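Chemist: Read off the chains here:
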Amino acid sequence: MPIQVLMPALSPTMEKGNLAKWLKKEGETIKSGDVIAEIETDKATMEVEATDEGTLGKILIPEGTADVAVNTPIATILADGESAADLAKAPAAPAPPKAEAAPAEAKAEAPAPKPAAAPAAPAAVAPLDPEVPEGTEMVTQTIREALRDAMAEEMRRDQDVFIMGEEVAEYQGAYKVTQGLLQEFGARRVIDTPITEHGFAGVGIGAAMAGLKPIVEFMTWNFAMQAMDQIINSAGKTLYMSGGQMGCSIVFRGPNGAAARVAAQHSQDYAAWYSQIPGLKVIAPYSAADYKGLLKAAIRDPNPVIFLENEVLYGHTGEVPKLADFIVPIGKAKIARPGKDVTIVSWAMGMSYALKAAEELAKEGIEAEVVDLRTIRPMDTETIINSVKKTGRAVTVEEGWQQSGVGAEVAARIMEQAFDYLDAPVARVSGKDVPMPYAANLEKLALPSVAEVVAAAKAVSYR
Amino acid sequence: MAAPKKTVAKESGQEKAGSPPELSNEQELKALRDMLLIRRFEEKAGQLYGMGAIGGFCHLYIGQEAVVVGMQMALKLGDQVITGYRDHGHMLACGMEAKGVMAELTGRRGGYSKGKGGSMHMFSLEKHFYGGHGIVGAQVSLGTGLAFANRYRGNDSVSVTYFGDGAANQGQVYESFNMAELWKLPVIYVIENNRYAMGTSVSRASAQQDFSKRGASFNIPGKQVDGMDVRAVKAAADEAVAWCRGGNGPIILEMQTYRYRGHSMSDPAKYRTREEVEKVRHDQDPIEQVRNRLLAAGSSEQDLKAIDAEVREIVNESADFAQHDPEPDPSELYTDVYR
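These protein sequences, in sequence, are chains A and B.
So the first sequence is numbered by my numbering: it starts at 141 and just counts up by one.
So the second sequence is numbered by my numbering: it starts at 8 and just counts up by one.
I should point out that these hints are in silico values taken from the structure, not numbers from a laboratory.
Bear in mind that the values here come from a model prediction, so they are computed numbers and not experimental data.
From the three backbone atoms N, C-alpha and C, an ideal C-beta is built for every residue, glycine too.
Please note: incorrect hints may appear among the correct ones.
Residues of chain B clear of chain A, computed beta-carbon distances all greater than 12 Å [said to hold, decoys possible]:
no., residue
1, G102
2, R116
3, S148
4, G206
5, E282
If we take Cβ atoms under 10 Å as the criterion, some of the chain B residues that face chain A in the derived model are [stated by the list, open to error]:
no., residue
6, G118
7, I142
8, E182
9, L189
10, G253
11, G254
12, S271
13, S273
14, P275
15, R288
Just chain B, same shape as in the assembly (with noise of 0.2 Å):
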């Protein structure tokens, strides 16, 4: 099998510079909401937490939500999502309901994994997301599995498979890197770099700090895409996509982008400086990036306000019913071990 041509790969470099190519008014306007309800229901999260409703680990994607939004721009029904476990917001932005996610993050058995699971491991399968993984790296060997069965199976359908700059470290990312190029695996590897794995920077954890080059002696073209633009984010996906549904193998997007918040709830903060984070927020936060821009072109405070208010009462309804919803009955203890 010969290798088609990189075109992406060389294309890179040169669109880097200009500006991304602008959204339509109806694509900001559900960019908007989409991102802000990750937001909300993350803020509510972080107070759930603070409350004792939720427990373990909670991480919050606040500062990212332009990454999982834009890439759901670029999909079509049929392609699967798999993260790791900071995975709240590509459910929703798959779908998912919010009931259903802030319910499993408070135990219940209206949660999407009756309870079972918790924050980091919910799935849907109407909705085609697949976890909601645990470990650091495993969705990788898994989210090229999705894309095994999807050319096993001669669909079109494309697997995009998140992780962050931490999980690019393991040994089976590359394990994974070599089988996708190797079969010429529809995946879309989104390489979430945030700056930090947990407390450790990318500097302090990286030989080459580069993540869209890591595929490069698998011959898998790589590209950096700004994850704090929507618009940055939907044209690069638009283009991995194409690649994948192009039956040219696997691709990976480096999306740069920043978490607000700890790594988990209980996080120290020592390793970034309070300067540091407001400068992101206050320069390239991703839902003000696109309110300013709906802004100026015409949309209204209040027609934008009302989008805050529906997001607020489905976050606040969430919150409502995980906290009422019954706890699973005891005899769910020895369920769903086997089928």
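Chain A with its partners taken away, still in its complex shape (with noise of 0.2 Å):
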């Protein structure tokens, strides 16, 4: 029977690629290791190897052919002994993973089989952003890309401003959201950093200390647990221990929390750490507008801010501004979905849960106001309360730990602030209280699920 060739993922969170080129012809003699095809995404190119022996039967997927999702068939290889007619005998393609068997009650609970690590797009927002004005042209970016602009625009702006950090440079970015800074603004702005987080952030902290307003990249938040002295006790604390004196204008930024299947070692979330300390500022965004308009606030900001991304959303579209000048204000957070039933509390990658429950609820008649906190510190407590006040309900979302966590400072505060107004306790929904399992299965229950938020929202609504 023909072999079928499928588009293949470069990484643990791609989910389509471009076809590039074809490197065979139909009918060409193919032998296990012979490049077949080239294949990219906005991050990087890899050649497709042909694992099996024989003839290139069929090409599926002409060259060129954008957004192709990760397994889908792109050609059939010919055994020896079979011809053209046997292609009619190759399988369909494959049906999409299916969730491994789970426990019987997390079972019940699973929503549509999507991989957890594969959100819609976040919606566009602008209608509902007070930063922008009314009949504002959007764009259509990326998050990737979104990033990028805001720190192209800000070194424009200001000489002081500069990049540094894991293959931010030559290679472009390890998740390529610093693509094409080195061409623009030369190796003395964009410089690549030995593997030496602890040193590079101190480095980093010092430059600030004189003066210069640097962007420390982390390649991911993981690897920034080798320089958290320095960005604690350097960087956060400087301003106070001088009496104002020296104060230290940095962002620390790179994608926080789970990307997927990359294990406990690579998948935390860092938002409670860092909101902990008064002196740093702690950014954790969602949609493309944010990503871009909070960034150039960040590095304008005279305090170390902590700029928390994701890895999962980089490729995602989102609608951004087209202004010359759009900056988001830190600690604002936005009513990213109006309703009067139950607020749901979330920020940067728990949105994405928190949006897909409040479309499952509307169906069932509850209306939930989604608040997108943007900024975890400091807080928009202002925000959350008057939301709870109107609806009598909450449920916090996030992908990090309950013990200690954001949710918990959120359930604390509407406590302290709005207890006479609630209805019904706060609910939680957070990642599970295990180290990142790596098995799919096992992965997809230890992060929070669309079910478990609309579970929740119907507790506390007592439905």
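Starting from the two chains in their separate frames, assemble the complex, guided by the hints.
Modeler: Here's what the structure looks like:
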């Protein structure tokens, strides 16, 4: 039976890619290891090697095709003795992978069998966004591009802004967030560092103490634990310890939280960790527009800012206002979806569960109001409290752990400031209290789900 | 980028034997005055600590005065200084006022950090003193960052980054060495080897006890210097500053020095003998060395006493101010967290 060649994945979070080029023609003989095609994403290019021998039977996806989903059959290989006539026997495209058998109660809750790491692109938020004047023209951008543009705009504006980190320059960014910056700004301002997080965080902070405005990229926040002393003790506390004399205008940024299938040491949410520190600001956006507007605000801020991104979201597109200088203020939450029955407070990746849950709830007549915190510290308590006073019920959603988590903080503030308005205890949906497992099914169980958010919203609504 | 020839490193062995270049009479007098100021200041701080006027940790610099005074003699306006928590001497050498330093030790509003930093955390942008850092070794990456800023701005300022033999074993020191040499940053790493990291002697903590060689695997030249002789320090500092200003990258100066007092005020002093301390005091005291040279060169006891009196007055005034200046206003609790 003919063998199918499937669209491969370049990375754990890749969902689709472009078929750039076919290097073999139909009818050509193929040996195992031959490069048969080139595929690319906005991050990288990869050669597809044949793993089977035979003749290239049929090319199913022509070269130049964009957005080919991972696992789509792209060609067939005929084994010895097979002919084009056998092509009809090729199996149909495989069904999307199903969630593995899960414990019964979790299974009952499980929503559509979509992988947890592939939420829908953020909905356009412009109409609800107070930072965007009505009638503003919007451009569709990936979050990766929005971040790159934010940095490029600020580097054009201020000569003291520079970026340093591992692979930010010649490699164009480990996740291609700094693409093109080296070409525009040169090696003086776009600086590849050795793999030395503790050291380059300290060097960046020292440069900031001398008045420069560094952007320090961590390849992921997991690696920044090696730099934590410098971030907290040197960046976070110097202004206070110097009686206001010497501050530190610096942005630490990079992907945070769970990516996909990278297990415990590479999948951790640091929002709660850094948000405990007076002296640091902590930002965790969700929409493309917020990514851009908040990164620009962070670079201009005279304080040390922790900017938590999400690898899974990098390739997602959203509407970004086409304004010469689009800034989203730090410390302001936004109502991402208005509603009257229950408040769902979330931020960053948690928003993907929250927004989908709100849609599900709407089908059952429950109008959820979704608050996107955007900034974790300073926290916009007022927006949360005003919403809870209206709805009387609240659910928090985060990928991080529950104990001492951001959701716990939100719940405490609601208890302190809106206790009399609550009709039910605040519910928390979070990552499970375990290190992140590798197995696909366990990973899915460890993360929050839309079903859990729906269930929590119903529970606080006594429905 | 080809590494320039390490002429400084080559010379180091040869120079060790001979006596250092003489200072002018004026320089000797200034060195005496600046070292005396530090010593008297520290003695007073020790007294105030004993009286309970200074809280927490208090690390005295007595014995090591020649290091900062000699280094400072080679610097010019714009050069930055950064160090760890044994920082009072560095601040006074940088020209920060004794009153402001002492008032910070007592936690008063007139202190350099308005009373919020304490002994280990003081700064002066005006004097280019970047702290005052409480975490052992952290200042080494930060000082490398100051040098990075100099390089970025294309000025010829040099970052003088002090740390001790204890901090020299921290990992980030070597991360910083690597980047400093890789990017040819103008930083002088001054390792103040006072022989004890808290209570642990160098021989018990360090596989390589020649700290001037600690940059060898990064091709950073280094030199061992008699840190008790202000002339030797000044001469080494001159060379090192020229090396950095010349765009040659970092350099290490190991200052062989000694602290007479404990690691901090609460030190059991069981890790070394009283005789060891007395011997260094008697044979190598940095202040006595200068005083003896000045007397031999014709200064009168009277002249030197006048310097002592001037210094004592500054110190007494600072102690008086530090005890009478009010504590910070309670409203200061919430200021300076952000700006």
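Chemist: Interface hint check: R288/B, Cβ to nearest Cβ on chain A, cutoff 10 Å. Holds or violated?
Modeler: violated (34 Å)
Chemist: Per the stated criterion, does the least C-beta distance between S148/B and chain A lie above 12 Å, as a non-interface residue requires?
Modeler: violated (2 Å)
Chemist: Have a go at the G118/B hint: is there a Cβ in chain A nearer than 10 Å to its own Cβ?
Modeler: Because about 7 Å separates G118/B from the closest Cβ in chain A, which is inside the 10 Å limit, the hint holds.
Chemist: Confirm or reject the statement that G206/B sits farther than 12 Å, beta carbon to beta carbon, from all of chain A.
Modeler: holds (23 Å)
Chemist: At a threshold of 10 Å, is the proposed contact between L189/B and chain A supported by beta-carbon distances?
Modeler: Holds. Min distance 7 Å.
Chemist: Is the hint on G253/B kept, meaning its closest Cβ partner in chain A is under 10 Å away?
Modeler: This interface hint is violated because 20 Å lies over the 10 Å limit.
Chemist: Hey, does the I142/B contact hint survive, CB to chain A under 10 Å?
Modeler: holds (5 Å)
Chemist: Given E182/B as an interface hint, is the shortest Cβ-Cβ distance to chain A below 10 Å?
Modeler: Cβ of E182/B sits 3 Å from chain A, so the hint holds.
Chemist: Against chain A, is P275/B within 10 Å by beta-carbon distance?
Modeler: violated (27 Å)
Chemist: Run the C-beta distances from R116/B to all of chain A and say if the shortest one exceeds 12 Å.
Modeler: violated (9 Å)
Chemist: Mind checking the CB of S271/B against every CB in chain A and telling me if the closest is under 10 Å?
Modeler: This interface hint is violated because 18 Å lies over the 10 Å limit.
Chemist: How about G254/B: closest beta carbon in chain A under 10 Å, or not?
Modeler: It is violated, given that the least Cβ distance between G254/B and chain A is near 15 Å, above 10 Å.
Checked against the numbered hints given earlier, the structure breaks hints 2, 3, 10, 11, 12, 13, 14 and 15 and satisfies all the rest.
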